[in-house]
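Q: Starting from the known structure of chain Y, fit chain L onto it as the hints suggest.
Here's the letter readout for the chains.
Number of protein chains: 2
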Amino acid sequence: MSKVITDRKTDINQWYQDIVANAGLAEHSAVKGCMVIKPYGYAIWEKMQRALDEKFKATGHVNAYFPLFIPKSFLEKEEGHAEGFAKECAVVTHYRLKVDPEKKGSLMVDPESKLTEELIIRPTSETIIWNTYKNWIQSYRDLPLLINQWANVVRWEMRTKLFLRTAEFLWQEGHTAHATAEEAVDETVKMLGVYADFAENFMAVPVVRGVKTPNERFAGALDTYCIEAMLQDGKALQAGTSHFLGQNFAKAFDVKFAAKNGGMEYVWATSWGVSTRLMGALIMSHSDDNGLVLPPKLAPLHVVIVPIYKGSEGLEKISAVALQMKKSLEEKGLTVKYDDDDKFRPGHKFAEYEVKGVPVRIAIGERDLEKNLVEIARRDTLSKETISIDTAVEHVVALMDKIQQNLFLRASERTAQMTTQVNSYDEFKAVLDEKGGFVSAHWDGTSETEEKIKTETKATIRCIPLNNPEEEGKCIYSGKPSKQRVLFARAH
Amino acid sequence: MSKVITDRKTDINQWYQDIVANAGLAEHSAVKGCMVIKPYGYAIWEKMQRALDEKFKATGHVNAYFPLFIPKSFLEKEEGHAEGFAKECAVVTHYRLKVDPEKKGSLMVDPESKLTEELIIRPTSETIIWNTYKNWIQSYRDLPLLINQWANVVRWEMRTKLFLRTAEFLWQEGHTAHATAEEAVDETVKMLGVYADFAENFMAVPVVRGVKTPNERFAGALDTYCIEAMLQDGKALQAGTSHFLGQNFAKAFDVKFAAKNGGMEYVWATSWGVSTRLMGALIMSHSDDNGLVLPPKLAPLHVVIVPIYKGSEGLEKISAVALQMKKSLEEKGLTVKYDDDDKFRPGHKFAEYEVKGVPVRIAIGERDLEKNLVEIARRDTLSKETISIDTAVEHVVALMDKIQQNLFLRASERTAQMTTQVNSYDEFKAVLDEKGGFVSAHWDGTSETEEKIKTETKATIRCIPLNNPEEEGKCIYSGKPSKQRVLFARAH
Numbered sequence: 000m001s002k003v004i005t006d007r008k009t010d011i012n013q014w015y016q017d018i019v020a021n022a023g024l025a026e027h028s029a030v031k032g033c034m035v036i037k038p039y040g041y042a043i044w045e046k047m048q049r050a051l052d053e054k055f056k057a058t059g060h061v062n063a064y065f066p067l068f069i070p071k072s073f074l075e076k077e078e079g080h081a082e083g084f085a086k087e088c089a090v091v092t093h094y095r096l097k098v099d100p101e102k103k104g105s106l107m108v109d110p111e112s113k114l115t116e117e118l119i120i121r122p123t124s125e126t127i128i129w130n131t132y133k134n135w136i137q138s139y140r141d142l143p144l145l146i147n148q149w150a151n152v153v154r155w156e157m158r159t160k161l162f163l164r165t166a167e168f169l170w171q172e173g174h175t176a177h178a179t180a181e182e183a184v185d186e187t188v189k190m191l192g193v194y195a196d197f198a199e200n201f202m203a204v205p206v207v208r209g210v211k212t213p214n215e216r217f218a219g220a221l222d223t224y225c226i227e228a229m230l231q232d233g234k235a236l237q238a239g240t241s242h243f244l245g246q247n248f249a250k251a252f253d254v255k256f257a258a259k260n261g262g263m264e265y266v267w268a269t270s271w272g273v274s275t276r277l278m279g280a281l282i283m284s285h286s287d288d289n290g291l292v293l294p295p296k297l298a299p300l301h302v303v304i305v306p307i308y309k310g311s312e313g314l315e316k317i318s319a320v321a322l323q324m325k326k327s328l329e330e331k332g333l334t335v336k337y338d339d340d341d342k343f344r345p346g347h348k349f350a351e352y353e354v355k356g357v358p359v360r361i362a363i364g365e366r367d368l369e370k371n372l373v374e375i376a377r378r379d380t381l382s383k384e385t386i387s388i389d390t391a392v393e394h395v396v397a398l399m400d401k402i403q404q405n406l407f408l409r410a411s412e413r414t415a416q417m418t419t420q421v422n423s424y425d426e427f428k429a430v431l432d433e434k435g436g437f438v439s440a441h442w443d444g445t446s447e448t449e450e451k452i453k454t455e456t457k458a459t460i461r462c463i464p465l466n467n468p469e470e471e472g473k474c475i476y477s478g479k480p481s482k483q484r485v486l487f488a489r490a491h
Numbered sequence: 000m001s002k003v004i005t006d007r008k009t010d011i012n013q014w015y016q017d018i019v020a021n022a023g024l025a026e027h028s029a030v031k032g033c034m035v036i037k038p039y040g041y042a043i044w045e046k047m048q049r050a051l052d053e054k055f056k057a058t059g060h061v062n063a064y065f066p067l068f069i070p071k072s073f074l075e076k077e078e079g080h081a082e083g084f085a086k087e088c089a090v091v092t093h094y095r096l097k098v099d100p101e102k103k104g105s106l107m108v109d110p111e112s113k114l115t116e117e118l119i120i121r122p123t124s125e126t127i128i129w130n131t132y133k134n135w136i137q138s139y140r141d142l143p144l145l146i147n148q149w150a151n152v153v154r155w156e157m158r159t160k161l162f163l164r165t166a167e168f169l170w171q172e173g174h175t176a177h178a179t180a181e182e183a184v185d186e187t188v189k190m191l192g193v194y195a196d197f198a199e200n201f202m203a204v205p206v207v208r209g210v211k212t213p214n215e216r217f218a219g220a221l222d223t224y225c226i227e228a229m230l231q232d233g234k235a236l237q238a239g240t241s242h243f244l245g246q247n248f249a250k251a252f253d254v255k256f257a258a259k260n261g262g263m264e265y266v267w268a269t270s271w272g273v274s275t276r277l278m279g280a281l282i283m284s285h286s287d288d289n290g291l292v293l294p295p296k297l298a299p300l301h302v303v304i305v306p307i308y309k310g311s312e313g314l315e316k317i318s319a320v321a322l323q324m325k326k327s328l329e330e331k332g333l334t335v336k337y338d339d340d341d342k343f344r345p346g347h348k349f350a351e352y353e354v355k356g357v358p359v360r361i362a363i364g365e366r367d368l369e370k371n372l373v374e375i376a377r378r379d380t381l382s383k384e385t386i387s388i389d390t391a392v393e394h395v396v397a398l399m400d401k402i403q404q405n406l407f408l409r410a411s412e413r414t415a416q417m418t419t420q421v422n423s424y425d426e427f428k429a430v431l432d433e434k435g436g437f438v439s440a441h442w443d444g445t446s447e448t449e450e451k452i453k454t455e456t457k458a459t460i461r462c463i464p465l466n467n468p469e470e471e472g473k474c475i476y477s478g479k480p481s482k483q484r485v486l487f488a489r490a491h
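Keeping their order, the protein sequence lines are chains Y and L.
Going by numbering that gives the first Met the number 0, the letters in the first sequence line up with residues 0 to 491, in that order.
Going by numbering that gives the first Met the number 0, the letters in the second sequence line up with residues 0 to 491, in that order.
In isolation and in its complexed conformation, chain Y is listed as follows (with noise of 0.2 Å):
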């Protein structure tokens, strides 16, 4: 197997589209902008849902499937939301095709098959599923509504990057409704915590919490709350947020309760949603120039086993002990693999789990196996150490552990080095330029410095981090007075 990924140095850009495509995770796909998602990226994705599934049963709530599509006028009657949204949806006008009788073999729209109404493909649910609650929520003791849906949704993009952009994505969404705003409030930092809590746990993701500034929320939100990542290539990534609605949709399809102390009142909202954008952070976040880097909690296979080995004799003796290993190892939960295939040879086995990211490595010789000995990779610090077969399992149980703690040590390491904290715009600009990351700065708090330090630098406010310290100085474009610094970084 020859080097088949790009070096990071080289061309980190194609170093990601190496790696999405050698590992087998994803592609483009025949339709302009839609990704196929191959079933090692999916079998990634799986273990994800699976992981923020169980989360979210565990605060509370329940699944649930609203339509694909939403009526155009449905999308008109929360204004902020329309604006955000109408530009990039896909339109379905018509319900039938027929033979086109001017080219055979070829069909046609039905003209007569014209909706009255079009119909949008949802690039998000708000406004189907708050006309929904209308019919849902009568009374404060409908209260709250802990809903999640799990789906697949449509933003019309032309630039795409397989998970990190792409014009259809699957995701979850969580629309939540309550009687009070502070409730709301509570729910939407709740979630965000759960969010926070899977990207380190799970992805070994370091995360920054913050909210966004008003420039930054979600089309017809009050707040949004977000948790942002830094990936090798200086760039942030928003990696999942969680928005308080206020009751703005409670009013645009009118939806009111009525209170435990009497009248009624309008419901207020949250949402919260990730996507498989977050495979685009993980990718990005641990991945070496030898490919894949996967933590153990979301690696679909935990360990391989390569026998190393020349006639059939040798090959059944290590598979008696590759067979009992796997056995012992998949006692403890683990997914093993025992690679006995000859049609390969062991080095390009070894090349092959490198790309997927496979943790741990488990290779047996035949002289190895003569001394009682095995000898052991890991996937995240490439080193090798060979010890006994009787304390194999045991070890590499014990690897799992180390291995998704090093895996998040490092990318906070990472994070902590690529966040640089700045008190002029010329030091920003350098940093922009020089190193990329997150960049610490004061902000004179109006959208009109924001705007501009956009159009100037193509760095947006990431966020403002929760619980960030009080700091006077001054804005670093206008010089007016500011008290707290904020996060900038160019983002994907």
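Fair warning: there could be bad hints in the mix.
Which copy? The list can't say, so a pair holds if one copy fits it or any two copies do.
Once the Cα atoms are required to be at most 27 Å apart in a straight line, the calculated DSS-like pairs of lysine-lysine come out as [to be verified]: (1) LYS331 with LYS54; (2) LYS54 with LYS428; (3) LYS102 with LYS76; (4) LYS76 with LYS326; (5) LYS46 with LYS56; (6) LYS103 with LYS133; (7) LYS113 with LYS97; (8) LYS113 with LYS31; (9) LYS342 with LYS309; (10) LYS113 with LYS103; (11) LYS189 with LYS296; (12) LYS102 with LYS113; (13) LYS401 with LYS326; (14) LYS259 with LYS342; (15) LYS86 with LYS457; (16) LYS133 with LYS31; (17) LYS457 with LYS234; (18) LYS342 with LYS46; (19) LYS259 with LYS103; (20) LYS316 with LYS401; (21) LYS255 with LYS451; (22) LYS296 with LYS46; (23) LYS296 with LYS56; (24) LYS234 with LYS434; (25) LYS86 with LYS76; (26) LYS428 with LYS451; (27) LYS259 with LYS309; (28) LYS453 with LYS97; (29) LYS103 with LYS86; (30) LYS342 with LYS56.
These are calculated hints, taken from the structure and not from any lab test.
A: Same frame as chain Y, but now just chain L:
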């Protein structure tokens, strides 16, 4: 809680709708033809998904995800397939809305965003998947390719019935590629077996395994295998299909492989799917005039414990016992709810959990408690017994199997009773009108006769059962010789 479910004998369609509504399973959405799957309904669907997914993986399949959109030209490539689906396609023609200059606050389709080629919302994914497989398959070493997808699909329907027939539905679709016809046929039959096993052992719904007549085949298939269930309304439901697609899609998308013994050959294909229709089959198989009845293997909630008490002191004593019992049952793998909500009286709660089909209800009253007794009610038989607290957990755990088996037995007996052999067309029509169900009759094997019977009676050939015994006879319609009986029915 007043009686909310219409009796079956009064109006079986209304009965079905009442159950779907009152058990909180689904409802019609604001978008014509599309349903909202409510949390309790979705929880059952999740259990189905989980069980099926495990079976798919156990038989060597992996999941992946392909685009929602299919270019119109793809649909044209396989003629039979195009004919079958063209008339019920949602068509995306534009990708942007804009503010309507003539109507303040309104959005309109931006005419400048017209797509050069229209996109179809997938009604099924053979075309987009085989277009992708073209790049994945070069050699016999790449085969078999055993892939499944969980997705939403759209087939435009005007006359909808929740779960049984909706424009958008959720399903899984397996798409496999093989080197030989024999392997592909084996896969087709194997997956039919997986479906039948799931239907019978999880849903407790007996099914007839069979093959469709050419008329009823999937558009683009050489053979369609199916499982057919008989519901309480006397109508059949096609509960799952598995198609042998031959080389049709490989030829349409030019997918060839280098064979082991040299030369390039077209790949052999199968596809197979089950959908949220299964929810309809489940509901209409087991439910009674009190509401939904669920087999324990698919029940989101296995046991509900309801306290019957007067004062808070009584409740405390009951709660101590109830919570201990809940814990013990949960340790046995059951999902248990202790409903000590003080807003509703026990009778109201009993009715609610009956409507929702919770398999077992445990009532704990103060007087019973003094005698160390609890009352256990089975949802399937509506029978109650009072037993010692000491044996209650063991008893309830055993009941799960008993209920699962009883439901299957009951449905099997009903299906047998609803299957009638007839030997004349008059008898055939009389049975259809007076009794319904499956009608086993001789047929001459021609599409012409099949069509005429369908037009005259609305009954279709549901399938030619697998392992059908040979039997000399005469076609009930044409009088021509026939070698076997086939199963007719009116169907959903």
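Q: None of the hints should be skipped; say for each whether it holds.
A: Here's how the hints hold up against the structure:
In this assembly of identical chains, LYS331 and LYS54 lie within 27 Å of each other by CA distance both inside one copy and across copies; the values are 23 Å within and 22 Å between. Taking the closest pair of Cα atoms, LYS54 and LYS428 never come within 27 Å of each other, the shortest separation being 40 Å inside a single copy and 56 Å across copies. Taking the shortest alpha-carbon separations for LYS102 and LYS76, only the inter-copy value of 14 Å comes in at or below 27 Å, while the best intra-copy value is 42 Å. Neither within a single protomer nor between protomers do LYS76 and LYS326 lie at most 27 Å apart by alpha-carbon distance, with minima of 58 Å and 48 Å respectively.
For the identical chains of this complex, LYS46 and LYS56 are neighbours both inside a copy (16 Å) and across copies (14 Å), given an alpha-carbon limit of 27 Å. In the homo-oligomer, the alpha carbons of LYS103 and LYS133 lie at most 27 Å apart only across protomers (25 Å), although the nearest pairing inside one protomer, at 49 Å, exceeds that limit. Within a single copy, LYS113 and LYS97 get their C-alpha atoms as close as 13 Å, and across copies as close as 19 Å, so both meet the 27 Å cut-off. In this assembly of identical chains, the alpha carbons of LYS113 and LYS31 lie at most 27 Å apart whether taken from the same copy (24 Å) or from different copies (14 Å).
Only within a single protomer do LYS342 and LYS309 lie at most 27 Å apart by alpha-carbon distance; the minimum there is 13 Å, versus 75 Å between protomers. For the identical chains of this complex, LYS113 and LYS103 are neighbours both inside a copy (23 Å) and across copies (24 Å), given an alpha-carbon limit of 27 Å. Taking the closest pair of Cα atoms, LYS189 and LYS296 come within 27 Å of each other only inside a single copy of the chain (22 Å); across copies the shortest separation is 33 Å, beyond that limit. For a Cα distance limit of 27 Å, the shortest separation of LYS102 from LYS113 qualifies both inside one copy, at 21 Å, and across copies, at 21 Å.
Taking the shortest Cα distances, LYS401 and LYS326 sit within 27 Å of each other inside one copy (22 Å), while across copies they are farther apart (34 Å). When the C-alpha separation of LYS259 and LYS342 is checked against a cutoff of 27 Å, the pair qualifies only between copies, where the shortest distance is 14 Å, while the shortest distance within a copy is 71 Å. In this homomeric assembly, LYS86 and LYS457 come within 27 Å of each other (Cα to Cα) only inside a single copy, at 21 Å, whereas the closest approach across copies is 48 Å. For the homomeric pair LYS133 and LYS31, the shortest alpha-carbon distance between copies (18 Å) is at most 27 Å, but the shortest distance inside one copy (37 Å) is not.
In this assembly of identical chains, LYS457 and LYS234 lie within 27 Å of each other by CA distance solely inside one copy; the values are 11 Å within and 63 Å between copies. Taking identical chains as interchangeable, the C-alpha atoms of LYS342 and LYS46 are never at most 27 Å apart, the minima being 30 Å within one chain and 40 Å between chains. Taking identical chains as interchangeable, the C-alpha atoms of LYS259 and LYS103 are never at most 27 Å apart, the minima being 67 Å within one chain and 38 Å between chains. In the homo-oligomer, the alpha carbons of LYS316 and LYS401 never lie at most 27 Å apart, since the shortest distance is 30 Å inside one protomer and 48 Å across protomers.
For the identical chains of this complex, LYS255 and LYS451 are neighbours neither inside a copy (41 Å) nor across copies (56 Å), given an alpha-carbon limit of 27 Å. Within a single copy, LYS296 and LYS46 get their C-alpha atoms as close as 8 Å, and across copies as close as 23 Å, so both meet the 27 Å cut-off. Taking identical chains as interchangeable, the C-alpha atoms of LYS296 and LYS56 lie at most 27 Å apart whether they share a chain (19 Å) or sit on different chains (20 Å). When the C-alpha separation of LYS234 and LYS434 is checked against a cutoff of 27 Å, the pair qualifies only within one copy, where the shortest distance is 10 Å, while the shortest distance between copies is 69 Å.
Taking CA atoms no more than 27 Å apart as the test, LYS86 paired with LYS76 passes inside one copy only; the shortest distance there is 16 Å, against 32 Å between copies. For a Cα distance limit of 27 Å, the shortest separation of LYS428 from LYS451 inside one copy, 13 Å, qualifies, whereas the shortest one across copies, 79 Å, does not. When the C-alpha separation of LYS259 and LYS309 is checked against a cutoff of 27 Å, the pair qualifies only between copies, where the shortest distance is 25 Å, while the shortest distance within a copy is 78 Å. Taking the shortest Cα distances, LYS453 and LYS97 sit within 27 Å of each other only across copies (25 Å), while inside one copy they are farther apart (49 Å).
Within a single copy, LYS103 and LYS86 get their C-alpha atoms only as close as 36 Å, which misses the 27 Å cut-off; across copies the closest is 17 Å, which meets it. With identical chains, the CA atoms of LYS342 and LYS56 are at most 27 Å apart between copies only, with a shortest distance of 24 Å across copies and 45 Å within one.
Checked against the numbered hints given earlier, the structure breaks hints 2, 4, 18, 19, 20, 21 and satisfies all the rest.
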